[in-house]
Amino acid sequence: MGFFDSLFGGGRRGATGALAEFYDTPTRDEAWLAVDVETTGLDPNNARLLSIGWVPVDGDEIILGGAGHVIVRGEDGEESVGESATLHGLTDDEVAKGVEPREAVEMVLQALKGRKLLAHFAKLETGFLDKACRRHFGAGLKVDVADTMQREYLKYIAADREPRRDDLRLWTCRERYGLPPYKAHHALTDALAGAELWLAQDAAGLPR
120 MGFFDSLFGG GRRGATGALA EFYDTPTRDE AWLAVDVETT GLDPNNARLL
170 SIGWVPVDGD EIILGGAGHV IVRGEDGEES VGESATLHGL TDDEVAKGVE
220 PREAVEMVLQ ALKGRKLLAH FAKLETGFLD KACRRHFGAG LKVDVADTMQ
270 REYLKYIAAD REPRRDDLRL WTCRERYGLP PYKAHHALTD ALAGAELWLA
320 QDAAGLPR
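Residue numbers (this note's numbering): 120 to 327.
Watch out, some of these pointers could steer you wrong.
Simulated pairs of lysine-lysine, DSSO-like, Cα-Cα distance not exceeding 27 Å [claimed, not checked]: (1) LYS302 x LYS261; (2) LYS250 x LYS261; (3) LYS274 x LYS216.
Have a look at the derived ranges for each label pair, beta carbon to beta carbon [as the list claims (entries may be wrong)]: (4) ARG283 x GLY136: 41 to 47 Å; (5) ARG284 x GLU194: 43 to 49 Å; (6) ASP162 x ALA277: 28 to 34 Å.
Hints are computed from structural coordinates only; laboratory data are not their basis. Backbone N, C-alpha and C fix where the C-beta goes; we use that ideal spot for every residue, glycine too.
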């Protein structure tokens, strides 16, 4: 099984609620959910979710009517967004008015049923969602993954070139395909940007 169909997480044993429903739903062909998360840091072990955005992709069509965005309230009284606010622009007041983490992840799992998870550097999204699923739904998140960053990286390697760090950033990748610029670090905008990049990569004939 290749990278784009790699499985993440610790399996479905003990899964409850929305996670159990996700596992009970067969994955459909050509069905993805583009997901982006904004967090207080990059490591799920010492950072937390602040917002999640998602948009479905069916074949070569982005389903804007199925898009969603949620701001995630802190747990255990930890509301401060810290220095990460300089990236995503979320304030402590906005986060304090967000939904409970369990409810937020439940919304994502409902949207993800029957789909593969699509993201740019998907390790970030799967890491934070896996942690949240273990905490709130009794098991880790095991999901088929499609990663636009990895797809770009393999394109460079196939051409016997080593990409620079900036070459693999979402917005740099989009520029190479003539896609319009968006304001970065809003979870829904970034999810949509990733979905558009995925379809542009398909149109360019990149292997999955």
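Here's how the hints hold up against the structure:
Between LYS302 and LYS261, the direct Cα distance comes to roughly 31 Å. Violation of the 27 Å bound is thereby established for this hinted pair. A C-alpha spacing of about 11 Å is found between LYS250 and LYS261, which places the hinted pair at or below 27 Å, so the restraint holds. Proposed proximity of LYS274 and LYS216 is contradicted: the alpha carbons are some 42 Å apart, above 27 Å. For ARG283 and GLY136, the hinted distance range of 41 to 47 Å is satisfied, since their beta carbons lie about 43 Å from each other.
Between ARG284 and GLU194 the C-beta distance comes to about 33 Å, which lies outside the given range of 43 to 49 Å. For ASP162 and ALA277, the hinted distance range of 28 to 34 Å is satisfied, since their beta carbons lie about 31 Å from each other.
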